[in-house]
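Enquirer: Can you make the complete structure from the sequences, with help from the hints?
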Amino acid sequence: MIRVDFYHLQKAPLEHVLPKLCEKAYATGKRIKILLGNEERVEFINSLLWTYAEDSFLPHGSKKDGFVESQPIFISTSEENENQAHLLILADGATPSLDVLSQYERILNIFDGNDENALNRARAYWKEIKTLNGELHYWQQNERGAFEQKV
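The sequence shown begins at 1 in our numbering and counts up by one.
By construction, these hints were calculated from the structure, which means they are not laboratory data.
Be aware that a few hints might be false.
Quick list of in silico lysine to any residue cross-link-like pairs, SDA-like style, CA-CA up to 25 Å [claimed, not checked]:
no., residue 1, residue 2
1, K11, F44
2, K24, E116
3, K130, A118
4, K130, H60
5, K64, E54
6, K24, E82
7, K11, R41
8, K24, N46
9, K127, H137
10, K20, E79
11, K63, E40
12, K130, E143
13, K30, G61
14, K150, E79
15, K64, R123
16, K63, L14
17, K63, N46
18, K30, G93
19, K11, K64
20, K30, S47
21, K11, K63
22, K64, S78
23, K127, Q149
24, K127, N83
25, K30, E54
26, K64, L87
27, K150, N114
28, K30, F57
29, K63, E79
30, K130, R106
31, K24, D5
32, K11, K30
33, K11, G29
34, K150, A124
35, K11, E79
Computed spacing ranges between beta-carbons, pair by pair [said to hold, decoys possible]:
no., residue 1, residue 2, range
36, T28, T51, 35 to 45 Å
37, T51, T131, 21 to 31 Å
38, V151, F44, 27 to 37 Å
39, E54, L119, 13 to 23 Å
In this text the structure is predicted, and so the values were computed from the model without any measurement.
Cβ coordinates follow ideal geometry from the N, Cα and C atoms, glycine included.
Expert: See below:
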C-alpha cells in the first residue's frame, strides 16, 4: 500500500518548505526523487538546494549534473525513477500516473493553496489516488507556517 502526504502551502512558499522537507527525508537515509511539473524549475530548485542555508548540505543533482543513478536526491520532470528513490516529492503541479506512484514507499505532494488551479489539481489528484486504497494524509500550514495534520 502506498502512502501519500499532501502538503497544503498557505503561509510559506515552496522555496522555503521544500529544503526543510528534503532535510528530514534525507536524514532517513532513503533516496529521494523530486518530480517537478515543468522543466524550467529543475535548475532553479537544483540551485536552491545548494544555497538555501549556509550551514546545510543536501547532496543532489539533476540530469545536467550527471551521475544520475548515484544522486541521493535527484530533481527531474521525468516520471522515471532514475536514482532508484524510495521517496517521491511532487511539486509545481507534477501529477504522475498512478502506476508511477507504486514504485515508491512514500509520496509527498506539495501544492500552493493560494493558487486556485493548484488547489483544484491537488483535490482531483487526491480523488484519483484514493481509488488505489492508499494511505492518504493531509497537512496544512498554520499561522506560523508549521504543518499540522488535518483529519
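Enquirer: For each hint, tell me whether it holds in the structure or not.
Expert: The hints, checked one at a time:
1. Taking the CA atoms of K11 and F44, the gap is near 21 Å; set against the 25 Å cutoff, the hint holds.
2. With a C-alpha separation of about 28 Å, the suggested pairing of K24 with E116 is violated against the 25 Å cut-off.
3. Taking the CA atoms of K130 and A118, the gap is near 18 Å; set against the 25 Å cutoff, the hint holds.
4. Proposed proximity of K130 and H60 is contradicted: the alpha carbons are some 31 Å apart, above 25 Å.
5. Simply put, K64 and E54 have alpha-carbon atoms about 23 Å apart, close enough for the 25 Å limit, and the pair holds.
6. As the CA atoms of K24 and E82 are separated by approximately 21 Å, the hinted pair is consistent with the 25 Å bound.
7. Restraint check for K11 and R41: satisfied, since their Cα atoms lie roughly 21 Å apart, inside the 25 Å limit.
8. Simply put, K24 and N46 have alpha-carbon atoms about 17 Å apart, close enough for the 25 Å limit, and the pair holds.
9. Distance check on the hinted pair: K127 and H137 sit about 12 Å apart at the alpha-carbon level, within 25 Å; holds.
10. At most 25 Å may separate the alpha-carbon atoms for a hinted pair to count; K20 and E79 meet this at roughly 23 Å.
11. Of the supplied pair hints, the one linking K63 and E40 holds, its CA atoms being roughly 13 Å apart against a limit of 25 Å.
12. Distance hint between K130 and E143 is unfulfilled; the C-alpha atoms sit about 28 Å from each other, more than 25 Å.
13. A threshold of 25 Å between alpha carbons decides the hint, and for K30 with G61 the separation of about 15 Å falls inside it, so the pair holds.
14. For the hint linking K150 to E79, the alpha-carbon distance of about 29 Å lies beyond 25 Å, and the restraint is violated.
15. Only pairs whose Cα atoms come within 25 Å are accepted, and K64 paired with R123 is rejected, the gap being roughly 33 Å.
16. Between K63 and L14, the direct Cα distance comes to roughly 21 Å. Compliance with the 25 Å bound is thereby established for this hinted pair.
17. A distance of roughly 10 Å separates the Cα atoms of K63 and N46; the hinted pair therefore holds under the 25 Å criterion.
18. Proposed proximity of K30 and G93 is supported: the alpha carbons are some 23 Å apart, at most 25 Å.
19. A C-alpha spacing of about 32 Å is found between K11 and K64, which places the hinted pair above 25 Å, so the restraint is violated.
20. A threshold of 25 Å between alpha carbons decides the hint, and for K30 with S47 the separation of about 21 Å falls inside it, so the pair holds.
21. With a C-alpha separation of about 31 Å, the suggested pairing of K11 with K63 is violated against the 25 Å cut-off.
22. Annotation: proposed proximity of K64 to S78 holds, straight-line Cα distance about 13 Å (limit 25 Å).
23. Between K127 and Q149 the CA atoms are separated by roughly 18 Å; this keeps the pair inside 25 Å, and the hint holds.
24. Note on K127 and N83: the hinted pairing is violated, with a Cα-Cα distance of about 28 Å set against a maximum of 25 Å.
25. At most 25 Å may separate the alpha-carbon atoms for a hinted pair to count; K30 and E54 meet this at roughly 23 Å.
26. Note on K64 and L87: the hinted pairing holds, with a Cα-Cα distance of about 21 Å set against a maximum of 25 Å.
27. A distance of roughly 18 Å separates the Cα atoms of K150 and N114; the hinted pair therefore holds under the 25 Å criterion.
28. A hinted pair counts as satisfied when its Cα atoms are at most 25 Å apart, and K30 with F57 qualifies at roughly 16 Å.
29. Straight-line distance between C-alpha atoms of K63 and E79 comes to about 13 Å, which keeps the hinted pair within the 25 Å bound.
30. The hinted pair formed by K130 and R106 meets the criterion: a straight-line CA distance of about 15 Å does not exceed 25 Å.
31. Taken as a hint, the K24 and D5 pair is honoured in the structure, with Cα atoms around 14 Å apart against an allowance of 25 Å.
32. Of the supplied pair hints, the one linking K11 and K30 is violated, its CA atoms being roughly 28 Å apart against a limit of 25 Å.
33. For the hint pairing K11 with G29, the CA-to-CA distance comes to about 29 Å; that exceeds 25 Å, so the pair is violated.
34. For the hint linking K150 to A124, the alpha-carbon distance of about 18 Å falls within 25 Å, and the restraint holds.
35. Under the criterion of a C-alpha separation no larger than 25 Å, the hint pairing K11 with E79 is inconsistent with the structure, at around 29 Å.
36. In this structure the hint that T28 and T51 lie 35 to 45 Å apart at CB is violated, the actual value being about 23 Å.
37. Hint check: T51 to T131, Cβ distance near 40 Å, so the stated range 21 to 31 Å is violated.
38. The supplied range of 27 to 37 Å is met by V151 and F44, whose beta-carbon atoms lie about 34 Å from each other.
39. Restraint check, E54 to L119: a C-beta distance of roughly 34 Å breaks the suggested window 13 to 23 Å.
Comparing the model with each numbered hint stated earlier shows that hints 2, 4, 12, 14, 15, 19, 21, 24, 32, 33, 35, 36, 37, 39 do not hold.
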